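If you read the protein sequences in the order shown, they are chains A and B.
The first sequence begins at 323 in the numbering used here and counts up one residue at a time.
The second sequence begins at 737 in the numbering used here and counts up one residue at a time.
No wet-lab data here; the hints were simulated from the structure.
These numbers come from a predicted model, not from an experiment.
Among the hints, erroneous ones may be present.
With a straight-line cut-off of 20 Å between C-alpha atoms, the simulated DMTMM-like cross-links for lysine to aspartate or glutamate are [as the list claims (entries may be wrong)]:
#1 B:775 - A:418
#2 A:466 - A:503
#3 B:785 - B:743
#4 B:961 - B:765
#5 B:785 - A:380
#6 B:775 - A:380
#7 B:1120 - B:765
#8 A:366 - B:896
#9 A:435 - A:348
#10 A:435 - A:454
#11 A:435 - A:373
#12 A:328 - A:439
#13 A:492 - A:503
#14 A:466 - A:454
#15 A:366 - B:1032
#16 B:893 - B:862
#17 B:785 - A:418
#18 A:328 - A:359
One-sided excerpt, in silico: chain B residues whose CB lies under 8 Å from chain A [said to hold, decoys possible]:
#19 780
#20 788
#21 809
#22 899
Using N, Cα and C, we set each Cβ at its ideal position, and we do this for glycine too.
Listed below, chain by chain, are the residues.
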Amino acid sequence: MATGLKIAVVERDRDRAIQIIDGLMEAGDHDITVIGEDSGLARKLAMLNPDVVLIDLENPDRDMLEELTLASSPMERPVAMFVDRTDDRATQAAIEAGVSAYVVDGLRKERIKPILDAAIARFHMISRMRVELAATKAALAERKTIDRAKGLLMKAKGLSEEQAYALLRKTAMDQGRKVADVAAALVTASDLLK
Amino acid sequence: MTLTRLDCGFIPLVDCAALVVAREMGFAEEEGLDLVLHKEPTWSALRDKLALGVLDAAHMLAPVPVAMSMGLGGMAVPLDVLLVLSVNGNTVGVSRALSARMQEQGGARDFLDAATTGRALIDAAESRLRIGVPFPFSMHAELLYYWLQALGLEAPKDLDVRTVPPPRMADAVAAGEIDAFCVGEPWGSIAVEAGVADMVLPGCAIWRFAPEKVLTVRRAWSEEKPELAGALMRAVWRAARWLAVPDNLVIASELLSRPGYVDVSTDIVDRALTGRLEISPHGEERRVPQFLEFFECAANFPWRSQAAWIATRLSERMGMDRAESVAVARGCFRSDLYRSVLGPLGAETPAASEKLEGSLTERIAVGSSRGQMVLGPDFFFDHKVFDPAISN
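Isolated chain A, as found in the complex (with noise of 0.2 Å):
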């Protein structure tokens, strides 16, 4: 087998950094680095030299990476933004996944291939895991409003917890809208009046 291939993975979260590095070493024998730090992005990347550099899409750097592409770029060997012609699903695979690997000129597809594969899989996995961490949030945030919206009636009009979430509920049902949304209308209202 060829020996591994050196990859940077540029991801600030350390959380995140440590997810892909175990994708990627499931994906064969590689020397993996991650740069945390945005500033001198180009310069330690120069110094680190490697064939693969993955980076989220939506990574605010990214530009940064661009300059990789061209002649002067700091590295001494030309990197091209990892598009497979042959496979344009592998690349609309990445894209939606929402990683963009920059490769260096000349390296065969098939050493490069397992890297990509193991990238999106574990991208795929972290943007589940923060949808459901967004969802978690918005959750709790609700139920937070909802428990002070109960508690502003209660002590307002002497009712019951019960009867405190009835009225939301009627009062949202009446106007068609989310009983959150009620809540912290509610609670926005009474801050006002304080």
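Given chain A's structure and the hints, the job is docking chain B onto it.
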């Protein structure tokens, strides 16, 4: 009427105004379009999503489709420039320390004097000048190279043009990673507000009429869906015309300042829209004519000579074949589509698709489809003229 969905990416900058207005003021809907605008994190992400068909259209730096047609950066997907979204609108800012040294070197009193300011900048630099731009393929980079090379600076020996994401520009100056920057609004004003930089020159003082952002689609898409491409062009052109009415700028500023778009205060957006720039943290103001032009002087017409200029500059710097580069670049500025789609609407369409770039120092009437149209000044600061025919 059911609307046809059209996904268009943009970068949060004041010069995306025509797209925002096309959506928010109903010009897109009038054309049967549900114009969905997607805020993108970087130029490379925007370009790749357009190339791969995730987006139908994009607010793009004018040199990007040219570079792509030349096989530079990203994938070589043929793109079409349907119209120019904005002309000019960049500023050059320098660190406060460098600004003070420039003053000592006899920096220009005139905000539009690129030659004096450039010489002062070169003289005040203590080592190799490091200047930040948003993207390697950008009018920002082209203007800087043109300006400082014309004044005798050698790149890359004396000049290090680096990519710095605009939201990080002020921090990069403050941290001493760069000495200066060339960036689009609101980022120049934000660096001034942050107290880390002085604005020393508007981009239009280097080239008086530089195509800045272009409305770009995949050629395969515009060929497959010509009616949709036409509808998009009409909507955006009407939005640009709306932006040319001074009374509308208050609304435009309000729209752009929303969180979904540029997400900065209207006070900052107004500076670019009205061309009244605050150039230092002390609130010194300068007025710049056509600082950011959306419509007047046939601003939306995609001149093939503009594409040729960009291709010539890029090919010289990258050591590529000039004639070949210019030929492919010309083809992606679709002045033919502009004429056939927007001519019937009353858009000014010049008789020619190319002009001498840099030959006009004042407004002038020229031949057009409807008799006469007005072109504005388009001179370079060094008064050289670019003749696209000679680059053949």
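Worksheet item: Quick one, are residue 328 of chain A and residue 359 of chain A close enough, alpha carbons at most 20 Å?
Response: 19 Å, holds
Discussion item. Between the alpha carbons of residue 785 of chain B and residue 743 of chain B, is the straight-line distance 20 Å or under?
Written reply: Cα-Cα ~11 Å, so holds.
Practice prompt. Sort out whether residue 348 of chain A lies within 20 Å of residue 435 of chain A, counting only the CA atoms.
Written response: Holds - the C-alpha atoms of residue 348 of chain A and residue 435 of chain A are around 13 Å apart, at most 20 Å.
Worksheet item: Does residue 454 of chain A lie within 20 Å of residue 466 of chain A when you go C-alpha to C-alpha?
Response: 18 Å, holds
Worksheet item: Regarding the hint that residue 780 of chain B lies at the interface with chain A, is the smallest CB-CB distance below 8 Å?
Response: This interface hint holds because 5 Å falls under the 8 Å limit.
Worksheet item: CA of residue 328 of chain A to CA of residue 439 of chain A, is that 20 Å or under?
Response: 16 Å, holds
Worksheet item: Given the hint that residue 435 of chain A pairs with residue 454 of chain A, does the C-alpha gap stay at or below 20 Å?
Response: 29 Å, violated
Worksheet item: Does the alpha-carbon distance linking residue 435 of chain A and residue 373 of chain A stay inside the 20 Å limit?
Response: Measuring from Cα to Cα gives roughly 13 Å; hence the hint holds.
Worksheet item: If you draw a straight line from the CA of residue 492 of chain A to the CA of residue 503 of chain A, is it 20 Å or shorter?
Response: 13 Å, holds
Discussion item. What's the verdict on residue 775 of chain B and residue 380 of chain A, does the C-alpha distance respect the 20 Å limit or exceed it?
Written reply: Between residue 775 of chain B and residue 380 of chain A the Cα gap is close to 11 Å, so the pair holds against 20 Å.
Discussion item. Holds or violated: the hint that residue 788 of chain B contacts chain A, with Cβ atoms closer than 8 Å.
Written reply: This interface hint holds because 5 Å falls under the 8 Å limit.
Worksheet item: Within 20 Å, alpha carbon to alpha carbon, are residue 366 of chain A and residue 1032 of chain B?
Response: Roughly 45 Å between the alpha carbons, so the hint for residue 366 of chain A and residue 1032 of chain B is violated.
Hint violations for this structure: numbers 7, 10 and 15, all remaining hints satisfied.
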